[in-house]
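**Q** This is what each chain is made of:
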Amino acid sequence: MSTEMVLEVKNLVKHFPIMSRGVFLKKQVGIVHAVDGVSFAVRKGETFGLVGESGCGKTSTARAILYLDPPTSGEVYFEGQEVGKIFKSKNKQEILKLRRKMQYVFQNPYASLDPRMTVADIIMEPFAIHKHVPKSKWYDRLYELLELVGLENYHAERYPHEFSGGQRQRICIARALAVEPRLLIADEPVASLDVSVRAQILNLLQELQRKLGITYLYISHDLSTVKHICDRVAVMYLGKFVEIADTDELFSSPLHPYTQALLSSIPVPDPETKALRIILPGEVPSPINPPSGCRFHPRCIYAKEHKCVENAPKLVDVGRGHLVACERMFS
Amino acid sequence: MKKEKSTKLELQYQNEKSRPKGVSQWNIAWRRFKKNKAALVGALIIGFVMFLAAFDSLIAPYPPNATPGFYVGEARVPPSLKYLFGTDKLGHDVFSQVVYGARSALYVGFGAAAIAMSLAVLVGLVSGYYGGLVDNVLMRITEIFLVIPFLLILLVFLKVITAVAPASIGGLSIVTLMIGVFSWASNARIIRGEVLRVKESEFIEASKALGASKRRIIFRHIFPNVLHIIIVLTTLMIATAILVEAAVSFLGFGDPAAITWGHQLQLANEAVKEAWWEGVFPGLFITLLVLGFNLLGNGLRDALDPRLRE
Amino acid sequence: MLMAPKEILKIENLTTHFYTWAGVVKAVDGVSLEVKEGETLGLVGESGSGKSVTALSILRIVPRPGRIIDGKIIYKGENLLEKTESEMEKIRGKEIAYIFQDPATSLNPVFSVADQLIEVIRRHQNVTKEEALEKAIELFRLVEIADPEIKIWSYPHQLSGGMKQRMAIARALSCQPSLLLADEPTTNLDVTIQAQILELMKNLKKKLGMSMILITHDMGVVAGVADRISVMYAGRICESAGTKTIFYNPLHPYTRALLEAVPNIAMKREKLKIIPGAIPNLVSPPSGCRFHPRCDFAGPACVSAVPPLVEIEPEHYVACVRAKEFSGKLPSRS
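Residue numbers (our numbering), protein chains in the order written: chain Z, 269 to 599; chain U, 663 to 972; chain B, 26 to 359.
Everything labelled a hint here was simulated from the structure, so no lab data went into it.
Hints may be right or wrong, so weigh each one.
Stated by the list, open to error - Some chain Z residues flagged as far from chain B (calculated, every beta-carbon gap over 12 Å): (1) 283; (2) 296; (3) 343; (4) 345; (5) 354; (6) 388; (7) 409; (8) 431; (9) 450; (10) 462; (11) 489; (12) 557; (13) 559.
Unchecked claim - No farther apart than 35 Å at their CA atoms in a straight line, the calculated lysine-lysine pairs in the DSBU-like style are these: (14) Z:479 - B:349; (15) U:697 - Z:479; (16) B:101 - B:115; (17) Z:405 - Z:278; (18) B:230 - B:35; (19) U:876 - Z:399; (20) Z:353 - U:821; (21) B:349 - B:35; (22) U:699 - Z:356; (23) B:296 - B:115; (24) U:821 - Z:360; (25) Z:575 - B:176.
Glycine included, C-beta positions come from ideal geometry on N, C-alpha and C.
Working from the sequences, and respecting the hints, build out all of it.
**A** Quick look at the structure:
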């Protein structure tokens, strides 16, 4: 693994305005702080995990990186180029070039395939958009892609509804790979699959990475799969990162109280394990009015009166590339 | 053991290979449609009326507007072998007139539906896809069309037209155009809603992430996915247009030169008791054709509903 | 020696089919299981394995076009399938309560939580409104909701997912049922909230001593909560045993595969074992053992005949023709 950075995200912010209902004029009545100043870098060829509970902003981060929802502020660099600048330039050629490099695999393979198109049409659509494959080679390339994701040639003429969830996710992956991307953002790619099928897709993703050297940004709420597939992991809580570390480091010695609670909450399939379970009090606060200071302080057992309520802690490197955002690290 | 399993899998694959072509949603819809008896009856009725319209001059025993009974004292005679549906006051053969009326009914139905649905699809797609200000403006216009007392305006307009310009303009076409222009609004709203639903789908997002242009997204992804709604709405729109035209003609605002079932009903109105056949047969055909389109529309809706999968 | 606890529920050969236009979906096909008094049975299976339909069949609330066509459901010595509809109405909620996967859809949005609880309490118990309200507040304390006197007047949409599930549990407990059917009660919740709810359910069971069927697809969830586990696959039970036996000495290949193919936090990071293929279509399920097309150990006997659920070891039932061979011979799981 090289240390070359494929993706760099600097202070990314994504706010969604809440509009009142009106006939013609709409007024902003609030802001959802979906992502609030997130910075990280993804190395070439690694799998970077983005973990958090629902509503923590992990999907908003991914969508902002891809410019599906333009970020409110902050910069995203892809292989040194600033993504926002390219999209704002409205230069169609440049935008297409960038789109080819970053691809997205969605959570729900049942909704992310056009039900009226055959698998061949779906996987060959990228060829029509980017024209990077000569028309005479379309079918050759299609069959290559099908083989790559473990599907058969005859599947090409079928429609999405004729496939199981796992096979549909394979089709989605093939479509994403059709543009030969350098970065694949996988947003909960196995969450909606049957448990016995998840392993197939996880193994496929790992195999593809080995063969093609793609970098993954893997988004999930499921720490078990994250531990299995990721090299480094960032833990997100209410729009901010609380901890970034190598996977083994994070799972063996988590430092942030939230990470600790999260890890101990996962039910372990072993009746003998009587692990100390940290039960967090209360629930995740609303991202419309996030708590002051450290956003985790209302649920944190270590929270100190003033420090945690007033100061928003910054991510600090505590060695071995392990970053934590917690006041406790200073004392 | 391993070997057994692999051969078994191969067998399974071979079976699958024996039908390599995929089954599209349209195939499934057709399979479902075939099982729906009511819808097939509807299609049959429409087919029958189309047949009448296509070969009207061959089927009808007398030419259009001919009054075979007038000079031979056979005005207002009840149905017989000579006059299948009887004759009216002027000696028109009711059967012949009903057959000629089929073409008018279909002309108005298809014509008005084509105009209304074109507008509805255009407004629905644009409004739904672009959203924002465009959507706001288009939807307010749509609402205006929804609250207009459409039939009254139509009647007043037709009155003015016939007063200003004589029949030379082609009255039936004017009626068709007017019905079309005034009935797109509710359909546009339904299509817009459907577009909004499809637009939020992940497969649209996936296309955007691939860099697909707006044109590609609208025509390759959104349109095919709202087409089933458009088809259903069109059939129901045809039925509505036929009814409205019948009403307009019955009230005497229609094109006097055209042979329409509504107009025949109006003529029959003055002698309901003495000559029931004058009104019953055109009325029956209006009911039958409208019923046909409604049955077909309902059948199509059930068959094309994407929520009902195999 | 102590007498073994009596079973409160015994299901024999339950068969529930759905008559759809695409064919007969054999959702539950000859399921037998039992729940002893005071015990938690974990019913584990993937989507479409028939675990929810089994639970719905117990209460006889299978949605159309489903029908229970065979079997016996013996609850406290009486066959529920022979009861009249009005007798069943007295059992639902009062004797056997149900907690749904999605608490949001099982609560009526137009009534306050208090109104809904009072209604349930008064339907089965002869109390005044005030007494019912008091009981409802008591229930809220039981499910560990803070400020129950105030929170009880909120409407469902004002509650978060975890709170709704607590509220649903409170409602299920309102008439002190003897048996609780919990259908994926934590699946829609975040892990930290899931931990809260599981802890709560464990405490409640200890406190109230009722029996429970916990339905889930997550082996991790049942590991800490269930006393015994029944594993379902494609409409049939493939293995039933004590929790430890299921985890440390599974004899059915599907149970083993489920434990090995699903990544879990305690696992080493290595290539996952995979179960090939997908869950079968239950309109035309595979012949014989329904797992055979995906099974590493399948032989001709598995294709031809349906393996019966046999007691291989004491209290360890397995539906696999080769289970005896595996007994004590399969490499133990690390």
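**Q** Now look at each hint and say whether the structure bears it out.
**A** Here's how the hints hold up against the structure:
no., hint, result
1, 283, "holds, 22 Å"
2, 296, "holds, 23 Å"
3, 343, "holds, 30 Å"
4, 345, "holds, 30 Å"
5, 354, "holds, 36 Å"
6, 388, "holds, 21 Å"
7, 409, "holds, 26 Å"
8, 431, "violated, 9 Å"
9, 450, "holds, 24 Å"
10, 462, "violated, 5 Å"
11, 489, "violated, 7 Å"
12, 557, "holds, 14 Å"
13, 559, "holds, 16 Å"
14, Z:479 - B:349, "violated, 42 Å"
15, U:697 - Z:479, "violated, 49 Å"
16, B:101 - B:115, "holds, 14 Å"
17, Z:405 - Z:278, "violated, 40 Å"
18, B:230 - B:35, "holds, 20 Å"
19, U:876 - Z:399, "holds, 17 Å"
20, Z:353 - U:821, "violated, 61 Å"
21, B:349 - B:35, "holds, 25 Å"
22, U:699 - Z:356, "violated, 56 Å"
23, B:296 - B:115, "violated, 52 Å"
24, U:821 - Z:360, "violated, 55 Å"
25, Z:575 - B:176, "holds, 31 Å"
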